[in-house]
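Student: Each chain, written out:
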Amino acid sequence: MNETDRKLGPTILKAENISLAFGGVKALTDISFEVKEHEILAIIGPNGAGKSSMLNVINGVYHPNAGSVTYKGNVRQRMKPHEAATQGIARTFQNIALFKGMSVLDNIMTGRTLKMNAGFLAQCLYVGRARNEEIEHRKKVEEIIDFLQIQSIRKTPVGRLPYGLQKRVELGRALAAEPTLLLLDEPMAGMNIEEKEDMSRFILDVNDEFGTTIVLIEHDMGVVMDLSDRIVVLDYGKKIGDGTPSDIRNNKAVIDAYLGVSD
Amino acid sequence: MFYREAGQFKTSYKADQAVFPIFQDRVFVAIWLLIGFVVVPMLANEYVFRAIFIPVIIMALAAIGLNLLVGYCGQVSLGSGAFMAVGAYAAYNFMIRIPELNPLICFLLGGLSATVVGVIFGIPSLRIKGFYLAVATLALQFFTDWTFSRIDWFTNYTPSGSIAVQPVAVWGFIFDSPIRKYFLCLTVLLIFTIIAKNLVRGRIGRAWMATRDMDVAAEIIGIRPIYAKLSAFAVSSFFIGVAGALWAFVHLGSWEPLAFDINLSFSILFMVIIGGLGSIVGGMLGATFITLLPLFLNQLPIWLGINMSTAMVSHLEYMIFGALIIFFLAVEPLGLARIWQITKEKLRLWPFPH
Ligand SMILES: Nc1ncnc2c1ncn2[C@@H]1O[C@H](COP(=O)(O)OP(=O)(O)OP(=O)(O)O)[C@@H](O)[C@H]1O
Ligand SMILES: [Mg+2]
Numbered sequence: 001m002n003e004t005d006r007k008l009g010p011t012i013l014k015a016e017n018i019s020l021a022f023g024g025v026k027a028l029t030d031i032s033f034e035v036k037e038h039e040i041l042a043i044i045g046p047n048g049a050g051k052s053s054m055l056n057v058i059n060g061v062y063h064p065n066a067g068s069v070t071y072k073g074n075v076r077q078r079m080k081p082h083e084a085a086t087q088g089i090a091r092t093f094q095n096i097a098l099f100k101g102m103s104v105l106d107n108i109m110t111g112r113t114l115k116m117n118a119g120f121l122a123q124c125l126y127v128g129r130a131r132n133e134e135i136e137h138r139k140k141v142e143e144i145i146d147f148l149q150i151q152s153i154r155k156t157p158v159g160r161l162p163y164g165l166q167k168r169v170e171l172g173r174a175l176a177a178e179p180t181l182l183l184l185d186e187p188m189a190g191m192n193i194e195e196k197e198d199m200s201r202f203i204l205d206v207n208d209e210f211g212t213t214i215v216l217i218e219h220d221m222g223v224v225m226d227l228s229d230r231i232v233v234l235d236y237g238k239k240i241g242d243g244t245p246s247d248i249r250n251n252k253a254v255i256d257a258y259l260g261v262s263d
Numbered sequence: 264m265f266y267r268e269a270g271q272f273k274t275s276y277k278a279d280q281a282v283f284p285i286f287q288d289r290v291f292v293a294i295w296l297l298i299g300f301v302v303v304p305m306l307a308n309e310y311v312f313r314a315i316f317i318p319v320i321i322m323a324l325a326a327i328g329l330n331l332l333v334g335y336c337g338q339v340s341l342g343s344g345a346f347m348a349v350g351a352y353a354a355y356n357f358m359i360r361i362p363e364l365n366p367l368i369c370f371l372l373g374g375l376s377a378t379v380v381g382v383i384f385g386i387p388s389l390r391i392k393g394f395y396l397a398v399a400t401l402a403l404q405f406f407t408d409w410t411f412s413r414i415d416w417f418t419n420y421t422p423s424g425s426i427a428v429q430p431v432a433v434w435g436f437i438f439d440s441p442i443r444k445y446f447l448c449l450t451v452l453l454i455f456t457i458i459a460k461n462l463v464r465g466r467i468g469r470a471w472m473a474t475r476d477m478d479v480a481a482e483i484i485g486i487r488p489i490y491a492k493l494s495a496f497a498v499s500s501f502f503i504g505v506a507g508a509l510w511a512f513v514h515l516g517s518w519e520p521l522a523f524d525i526n527l528s529f530s531i532l533f534m535v536i537i538g539g540l541g542s543i544v545g546g547m548l549g550a551t552f553i554t555l556l557p558l559f560l561n562q563l564p565i566w567l568g569i570n571m572s573t574a575m576v577s578h579l580e581y582m583i584f585g586a587l588i589i590f591f592l593a594v595e596p597l598g599l600a601r602i603w604q605i606t607k608e609k610l611r612l613w614p615f616p617h
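Chains A and B are the protein sequences, given in the same order.
Just so you know, the working numbering puts 154 at position 154 of the first sequence, and the rest follows in order with no gaps.
Just so you know, the working numbering puts 549 at position 286 of the second sequence, and the rest follows in order with no gaps.
Chain A on its own, in the form it takes in the complex (with noise of 0.2 Å):
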């Protein structure tokens, strides 16, 4: 919808000739695509299609048989969960993964480790750097609290949250990172409409305010179709799609294989 006033940068992330397999089960095949800077893309397909591991390989939970991850220009074939994260990548997962036993402040807390760097000595003792640095990097904690609206929960222990908003507080915990590259798992699967819209207008905002990329897999074709500047179609691991909504809307292949079962 937004595509052309939204300033894109140029790639920052190319994936090319991507293949991966479990055992026999083919997940992904010689899948290749880029997102631009500050885009929204949003990968769809149906159950088993590959979305998630595609995200899997991008972040380096999965390594790839074959093909490479292009990010900000560094091709790498192997890396790290934590390599990614120092570069900038966070993400949300689709069966939500936040720390149970500790609290929504401890939770976003937690995503900004790699901002902090206090001595090991001056966090025995709670003095200079690492006294500082809780309270500098509570006080951005607290503006990204503020940003998600969930002021009243922030010392509840994560378990006890209902579903949604502990969708909202993993949001929060990636963001506490200050990512470049956003990758969300059906950030809004299992939420009824008003907590979609809820969700929804915080990835345009952060996408907007932050100019952050983002790459969201959903379900909800509403949903996508509103968010996204363009979409990559997987099924059975292969691509099978790749344009903006309106391309993806009367995309002939799409339609068989995915959107007509819906419609």
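Since the hints were made in silico from the structure, they are not lab data.
Note that beta-carbon positions come from the ideal geometry of N, C-alpha and C, so glycine has one too.
Honestly, I wouldn't trust all of these hints.
A few chain A positions that, by computed beta-carbon distances, are all more than 12 Å from chain B [stated by the list, open to error]:
| hint | residue |
| --- | --- |
| 1 | 75 |
| 2 | 92 |
| 3 | 101 |
| 4 | 147 |
| 5 | 201 |
The following label-pair restraints were derived from C-beta to C-beta distances [claimed, not checked]:
| hint | chain 1 | residue 1 | chain 2 | residue 2 | range |
| --- | --- | --- | --- | --- | --- |
| 6 | B | 289 | A | 147 | 52 to 62 Å |
| 7 | A | 77 | B | 608 | 17 to 27 Å |
| 8 | A | 155 | B | 401 | 37 to 47 Å |
| 9 | B | 607 | A | 68 | 54 to 64 Å |
| 10 | B | 414 | A | 163 | 38 to 48 Å |
| 11 | A | 142 | B | 453 | 24 to 34 Å |
| 12 | B | 595 | A | 155 | 30 to 40 Å |
Starting from the structure of chain A, add chain B with the ligands where the hints point.
Tutor: Same frame as chain A, now just chain B with the ligands:
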């Protein structure tokens, strides 16, 4: 005075991040310190120091150490007895081989030796979890049992294999009476408790808890599992190693390798489970409870006027332990610390629960 938050608005994040953000909590802590450092020394007699306070304090230190690893970082360990042994024997060897060293420095070096062993035996945790990790730490237990009873160098070739030491003397001050020992142990516990509290509320503590709760997500945030797990092993073994040195030098005075066997490992683990996983105060409550229970059970028949054999009493002890462990694991995994917290929360709302 009422225990509540109302009217105490935190005006800065600094205030909110204080260890005890609620004023009444600070008062509580002050009262406990007063009891520990003033009231108890005035009231307690030698027996009570020797049989209760000193062992409880040292075990609390060990339990807090183990809790950092098990409760906060989620890595099961059955090797606490071994880490205590390493702390004790290393401190002993530093002391006899470098007599100029201050004994307190030797205790810290004992702790550091336990840290080294802890990090080495923590390496399997990068690959294995839960039950298998527990078995790997159990191997350490057998390894130290064997090392300290078979390699005579560690016991300085004493013919019996047991070690006897002089009371600790620091700068001419001799910790020979129970009350002096008590003050020494209490001060050490206080310092280590503050360090533990500082660690768990900061970055490293969050890294441990994140690794415990969801290791994949932790790694994606940028927490390297090797760093989180090995640092937990390191800090935890340091605490337990120092506790071991205190146990040997201050509490026992003379000991043999059997003093640090698998039973000790289990006791400390029980303290952590019953006291409360992932809670500093839990370590203290657990240590108190598990040290006092046998004493209590021994007295109970006498109070009740029942004739019970000592064998019966010790069987009873095991049965009660067993039942309690099952109760806490199944019903209240957060242990005594949670019960303590619930009481406080009730108190906070009292007398209007709604
Ligand atoms: N760790 C794994 N081990 C074995 N097989 C896997 C693994 N991860 C994914 N797969 C398989 O790869 C295929 C693609 O899975 P993936 O989770 O990427 O699909 P998806 O498009 O995210 O589906 P959904 O919409 O259900 O989330 C599936 O057949 C799945 O069973
Ligand atoms: Mg998926």
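Student: With reference to the structure, classify each hint as holding or not holding.
Tutor: Hints versus structure:
Residue 75 (chain A), annotated as away from the interface, keeps every beta carbon of chain B farther than 12 Å; the closest lies near 21 Å. With a least beta-carbon separation of about 9 Å from chain B, residue 92 (chain A) fails to lie farther than 12 Å from that chain, contradicting its non-interface assignment. The Cβ of residue 101 (chain A) sits about 5 Å from the closest Cβ of chain B, inside the 12 Å cut-off, so the non-interface label is violated. Every CB of chain B is more than 12 Å from the CB of residue 147 (chain A) (nearest about 16 Å), matching its label as outside the interface.
For residue 201 (chain A), the condition that its CB be more than 12 Å from all CB atoms of chain B holds, with the nearest at approximately 24 Å. A hinted range of 52 to 62 Å is violated for the C-beta pair residue 289 (chain B) and residue 147 (chain A), which are about 33 Å apart. The beta-carbon spacing between residue 77 (chain A) and residue 608 (chain B), approximately 52 Å, falls outside the hinted interval of 17 to 27 Å. A hinted range of 37 to 47 Å for the beta carbons of residue 155 (chain A) and residue 401 (chain B) is consistent with their spacing of about 38 Å.
Distance hint check for residue 607 (chain B) and residue 68 (chain A): the Cβ-Cβ separation is about 56 Å, which falls inside the suggested range of 54 to 64 Å. A beta carbon spacing of about 57 Å between residue 414 (chain B) and residue 163 (chain A) contradicts the range 38 to 48 Å that was offered as a hint. About 32 Å separates the C-beta atoms of residue 142 (chain A) and residue 453 (chain B), a value consistent with the hinted range of 24 to 34 Å. Between residue 595 (chain B) and residue 155 (chain A) the C-beta distance comes to about 21 Å, which lies outside the given range of 30 to 40 Å.
In this structure, the earlier hints numbered 2, 3, 6, 7, 10 and 12 are contradicted, and the remaining ones agree with it.
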